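Q: These protein sequence lines are chains A and B, in that order. Heads up: the first sequence begins at 58 in my numbering, then just goes up one per residue. Heads up: the second sequence begins at 50 in my numbering, then just goes up one per residue.
If you're looking for bench data, these hints aren't it; they were derived computationally from the structure. Nothing here was measured: the structure is a model prediction, and the numbers come from that model. Any given hint could turn out to be false.
To be verified - Under 8 Å between C-beta atoms, here's a sample of chain B residues computed to sit facing chain A: (1) Pro-189; (2) Leu-258; (3) Asp-273.
Unchecked claim - When the alpha-carbon atoms are kept at most 25 Å apart in a straight line, the in silico DMTMM-like pairs for lysine to aspartate or glutamate are as follows: (4) B:Lys-243 with B:Asp-273; (5) B:Lys-243 with A:Glu-219; (6) A:Lys-323 with B:Asp-273.
Said to hold, decoys possible - Here are some chain B residues the structure puts well away from chain A; computed CB gaps all over 12 Å: (7) Gly-111; (8) Thr-146; (9) Arg-158; (10) Arg-161; (11) Ala-167; (12) Thr-237; (13) His-250; (14) Thr-260; (15) Ala-271.
Glycine is no exception: its CB is placed at the ideal position from the N, C-alpha and C atoms.
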Amino acid sequence: MIDLLGREFFQLALIAALLVGLCAPAVGTFIVQRRLALLGDGIGHVALTGVALGFLTGTAPVLTAVAVAIAGAVAIEVVRARGRTSGDVALALLFYGGIAGGVMLMGIAPGGSNAKLNSYLFGAIASVSRLDIWVIGGLAVAVLLVVGIFGRELFVLCQDEEMARASGLPVRFLSLLIAVTAALTVVIAMRVVGLLLVSALMVIPVATSQQLTRGFRSTMLLAMLFGVIAAVGGLLVSAQSAKVAPGAAIVLLALLGFVLALGVGKFVRRGRSSQESTVSERRSVSVKEVA
Amino acid sequence: MHLVSENAFTMTDGRVTLDRRPILRGVDLTVRPGEVVAIMGANGSGKSTLIRALLGLTPLSGGQTLLYGRPPGRFRDWWRVGYVPQRLAVGGGVPATVREVVTSGRISRQKRLRLTSADDREAVASALESVGLADRAADPVQALSGGQQQRVLIARALAGRPDTYVMDEPTAGVDAATQQLLADTLATLVAGGKTIVLVAHELGPLEPLITRGVVVREGRIAHDGPPPEPEGECARPGHEHVHPHAAEAAAGPLRGWQGEA
């Protein structure tokens, strides 16, 4: 382990894991609140076509993936905002198109191979290069800035879109913003856990955190902590054996955390609800007195 | 036009069509500052659609509506309007505290890149105080009862300190204590010169505050004028809901009024 920590590829992998662990749950909290938990999966599927386009054209796959993922996210948002009944079918079509397009283009591309395809589908954190880290770092800063600057408005939007409208918020812009931010997050997480598991890091830490918290902000902050623990922890676990895939280890660790939180949360909530009932009893008594 | 005398809402020949079904069929409605307007009507008469259209939440398919003299798309002073929807939307399951939700009522007064100010905190605290939820501020809204959630919605609107309140059935499904609390809160607002437009099935303790009654029937305004003097149980606006015969009940509150007019 000490030996690994001294190696550059492992240091880069650690940085990548840390950034993903921070960003994915931050965006994920808004996405889950907006009932779009599967948005990350959708964008992930579409991003595969972007990766393959990169190989085909000899551009850095991360960059083409960003472009195509953003285009996909915007398309999904447009379908969501417009559609009523046919929305989910249209989304499904987009997902399948993304995977099929990715597999096909990857086959045609000169440098493409099944191994390369797999490294994007399931992550290849050990092969993260310095260029990747710059791109991932830049995207992570962008994502955290969006959350910091627009967080208040995004909270209102994701909580109650109608309220956002009645408050004069730029609903269309904010909806696109959250979709695009999700797309950036997917691309950051792509190298770490892979496109097929990207959404896990956006959703599981949030689901874990909300077992234990009472507010939106606390849920987000705790989810970010869980995200970092899972990402870095999973990487360290996989470093013990070459047979353990880092992406899978990270996601399974996050799931383990969820199961634990489920148990702890039940316990916490039981204590809390008995406390609450005494408060509300007291309140109803005092209201009666007033009336 | 002087700002003070500007009408809160001006709808001219407002029409709304949803799924090719006409919901509003030409509504003219002007709400002047300081008025307390109750919008009444049977279920499906279009009264909720009417207030949503007044706010621009539901687009018009014909006619026009103005918010303080501007169409909703070009209206900028959203802090002047506080909307209280029928139910609290709790999103996809991420908890939010009572304080977080009430603070979101400040959003149209806040600027990007500015932290929550002392004014914001003060407005939120006094809004929580006036609906009697100060001791629940740190609790998740999901853990509250329906009546308490209704109070959260009212507190959210109060926190923004708007000039005009638009409330969609604030008294529906709420216990008597909350209805009374709402009436007391509204009385304070009315005394402060605020404009209130509310949809209600039953006015209950709100009745003495209402200065104008608007009855919507089949997407048109069937009555617009002073609120009805209750003459016997059948003339009371809330009557339709407890009446066993639905068809009669729909016409019930109108008879007395049309007789008056």
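Q: Is B:Lys-243 close enough to A:Glu-219, meaning Cα to Cα at most 25 Å?
A: Cα-Cα ~23 Å, so holds.
Q: Just to be careful: measuring from the Cβ of B:Asp-273 to every Cβ in chain A, is the smallest value less than 8 Å?
A: violated, 24 Å
Q: According to the definition I'm using, a residue is off the interface if its beta carbon is farther than 12 Å from all beta carbons of the partner; does B:His-250 meet that for chain A?
A: Non-interface label stands for B:His-250: nearest chain A Cβ at 21 Å, farther than 12 Å.
Q: Using Cβ atoms and 12 Å as the threshold, tell me whether B:Gly-111 really stays out of contact range of chain A.
A: Label holds. Min Cβ-Cβ 21 Å, cutoff 12 Å.
Q: Compute the least Cβ-Cβ separation between B:Ala-167 and chain A, then decide whether it is above 12 Å.
A: Consistent with the label, B:Ala-167 stays out of reach of chain A, its closest Cβ about 16 Å off (over 12 Å).
Q: Taking 12 Å as the cut and beta carbons as the points, is B:Thr-146 off the interface with chain A?
A: Violated, because the least Cβ-Cβ distance between B:Thr-146 and chain A comes to about 4 Å, which does not exceed 12 Å.
Q: Between B:Lys-243 and B:Asp-273, is the straight-line Cα distance small enough, at 25 Å or below?
A: Within the cut-off at roughly 20 Å; holds.
Q: Beyond 12 Å from chain A, beta-carbon-wise, is B:Thr-260?
A: Since the minimum Cβ distance to chain A is about 24 Å, B:Thr-260 lies beyond 12 Å and the statement holds.
Q: Is the hinted pair A:Lys-323 and B:Asp-273 satisfied, with a Cα-Cα distance of at most 25 Å?
A: violated, 54 Å
Q: B:Arg-158: least C-beta distance to chain A exceeds 12 Å?
A: Non-interface label fails for B:Arg-158: nearest chain A Cβ at 9 Å, not farther than 12 Å.
Q: With d taken as the least Cβ-Cβ distance between B:Arg-161 and chain A, does d exceed 12 Å?
A: violated, 6 Å
Q: Grab the minimum beta-carbon distance between B:Ala-271 and chain A and tell me whether it stays above 12 Å.
A: holds, 27 Å
Checked against the numbered hints given earlier, the structure breaks hints 2, 3, 6, 8, 9 and 10 and satisfies all the rest.
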